[in-house]
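> Residue 112 in the working numbering sits at position 112 of the sequence shown, and the numbers go up by one each step.
Note that these hints are calculated values from the structure, not bench results. Hints are supplied without guarantee of correctness; some may be wrong.
Here are the in silico distance ranges between beta carbons for each label pair [as the list claims (entries may be wrong)]:
(1) Leu53 - Ser19: 29 to 35 Å
(2) Ser19 - His91: 17 to 23 Å
(3) Gly88 - Leu18: 30 to 36 Å
(4) His91 - Asp64: 33 to 39 Å
(5) Glu60 - Val100: 17 to 23 Å
(6) Val11 - Gln77: 20 to 26 Å
(7) His91 - Val43: 37 to 43 Å
(8) Asn41 - Gly99: 34 to 40 Å
(9) Ser68 - Leu18: 20 to 26 Å
(10) Asp17 - Val100: 16 to 22 Å
(11) Leu96 - Ser68: 23 to 29 Å
(12) Leu66 - Ala34: 34 to 40 Å
(13) Lys97 - Pro22: 21 to 27 Å
Because the structure is a prediction, the values reported are computed rather than measured. All C-beta atoms in this analysis are idealised placements derived from N, C-alpha and C, irrespective of residue type, glycine included.
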Amino acid sequence: MCRLVFEVTWVVRLLKDLSLSPSLPISLHCDNQAAIHIAKNPVFHERTKHIELDCHFVHEKLLDRLISLSFVPSSSQLADLFTKALSGPLHRSLLLKLGVRSPDSNLRGVLPETSSLLMILKKQ
């Protein structure tokens, strides 16, 4: 999450340099409730010591209202389509949500008989 927030910060600065004003806060959707809780809660424990610096950065951007974090269930997480092996039905569902292809797509290559290429070949 920290790497994403770093990239968002960079893009927002770039847009401001180009005299464009992005709509803030940028909404980040996460399917890990523990990560959201740790980012929003500034209290650190022994178990989170290894990610403390990252958490401070994300928490700072939350307080600056640059980003907002919201929970999205794994079944609705569109990014999983590109990062995880999914079951067939979930894969098709996420593809439809992205508008990548329709469920009735025919992937077979077919040349209709009225095709100009076919007519040329028949004449020879």
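> Provide an ascending list of the numbers of those earlier hints which the structure does not satisfy.
2, 3, 5, 10 and 12
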